[in-house]
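S.K.: Going down the list, the sequences are from chains Y and A.
Sequence positions in the first sequence follow the working numbering and run 9 to 216.
Sequence positions in the second sequence follow the working numbering and run 9 to 216.
Warning: the hint list may mix true and false statements.
Identical copies go unnamed one by one, so any copy, or any two together, can satisfy a pair.
Result set (DSBU-like, lysine-lysine): computed pairs, CA atoms no more than 35 Å apart in a straight line [what the hints assert, rightly or not]: (1) 45 to 34; (2) 170 to 100; (3) 45 to 170; (4) 100 to 34; (5) 45 to 100.
The set of hints was computed from the structure by calculation and includes no laboratory data.
2 protein chains.
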Amino acid sequence: MEQEFESRLLENAVNEFASLPGIGRKTALRLVLHMLKRPVGEVNNFAEALTRLRSEIGYCHECHNISEREVCPICGNPLRDHSTVMVVENVKDVMIVERTGRYHGVYHVLGGLISPMDGIGPADLEIESLVGRVAGGEVHEVILALSATMEGDTTSFYVYRKLAPMRDVAITVLARGVSVGSGLEYTDDLTLSRSIDGRTPFENSLSK
Amino acid sequence: MEQEFESRLLENAVNEFASLPGIGRKTALRLVLHMLKRPVGEVNNFAEALTRLRSEIGYCHECHNISEREVCPICGNPLRDHSTVMVVENVKDVMIVERTGRYHGVYHVLGGLISPMDGIGPADLEIESLVGRVAGGEVHEVILALSATMEGDTTSFYVYRKLAPMRDVAITVLARGVSVGSGLEYTDDLTLSRSIDGRTPFENSLSK
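When you get a sec, could you build the whole thing from the sequences and use the hints?
M.R.: In structure tokens form, the structure reads like this:
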């Protein structure tokens, strides 16, 4: 690439910021000029936070969530229900579910979804390790909590076919339906159809 | 601030990204998760680019443009016209004017504009050093190239009053007018009024 700025140091910093997703060269330059105005200590702290993040955070050997230790605090918590495993696409999904405070089982992070268009096959994801966990015999329910997209559905179906032959494992999916607090007029047709197919006894719908 | 993430390392990195202008916590988390997926070497290069940027880039003692040495390559270039000084708001403006390839004088970077609303007064800007440069006697023209905003106009007027009593210095401003390639219907009324007031002999408008 041709050098855009007189200063090689400026050029490098702009290139680094522009390598981040969703940040173009104009924004990168703005961020770099902002950095130049901040005290040296603050910029050094920023840099140190990045190096420590990458070098000290790893992945949990059990569930593949990010973790500072071999086993993450969720898998290492004896109060969580280790017989229920929720399968999610990525680390962010774990955070989102944890924020509800409603789930007390453990997770399995696939690290993506099957997507032939993007060259991502089952072998690129943590599917074999999930099969291994379930084969261990301690897991009684696997909840497939993947996106309601073509890739999510494909991946759910693939995982389902791998796990279905195993004994004593219930495989469930998150309910699809009308959002809480939302009316029918704001619900798209497909979601509405699915919520009709998946209708539940009224007494189950009462808040517990 | 309350800790949002289980991992202190993740929390720190998200806080650092979220401290950048225009980046909220959701985007910061996205960038941090992206960083976690990149090779260790790349993340270390990013961090190093930041620390070197901040510790090795300083400001030119002459014009206050960013520079890796005491005097920037523009001020240090004997082929540039040191008798003409263009006064700009910030470092980015220097880059923008340099890109046109049309200006061969030197610059003076004020580092901002007078803005009582933001608590920025003349003493916060490099105005005294400009007066000192001009008092040296080598400068024959000062071009005020500040934004056509209230703050820009206020600052231009302040600088003008400081420099006007000096002998043998022409003080000029950039022409305001209809954009090249643009029609009257796309020009706002104020700009159009200014371009009428500032009309020039037709022969001057022919490309040189």
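S.K.: Measure nothing new, just compare the shortest in-copy and cross-copy C-alpha distances for residue 100 and residue 34 to 35 Å and report within, between, both or neither.
M.R.: For residue 100 and residue 34, the Cα distance is within 35 Å both inside one copy (28 Å) and across copies (10 Å).
S.K.: I want to check one pair: residue 45 and residue 170. Are their C-alpha atoms no more than 35 Å apart within a copy, between two copies, both, or neither?
M.R.: between (55 Å within a copy, 27 Å between copies)
S.K.: Is it within, between, both, or neither for residue 45 and residue 34, if the alpha carbons may be no more than 35 Å apart?
M.R.: Both ways: residue 45 and residue 34 sit 17 Å apart in one copy and 24 Å across, limit 35 Å.
S.K.: Should residue 170 paired with residue 100 be assigned to within, between, both, or neither, using CA atoms and 35 Å as the limit?
M.R.: For residue 170 and residue 100, the Cα distance is within 35 Å only inside one copy (25 Å; across copies 57 Å).
S.K.: With identical chains, the pair residue 45 and residue 100 could be close in the same copy or across copies; at 35 Å between alpha carbons, which is it: within, between, both, or neither?
M.R.: Answer is both: 32 Å inside a copy and 13 Å across each meet the 35 Å cutoff.
Against the hints set out earlier in the document, no violation occurs for any number.
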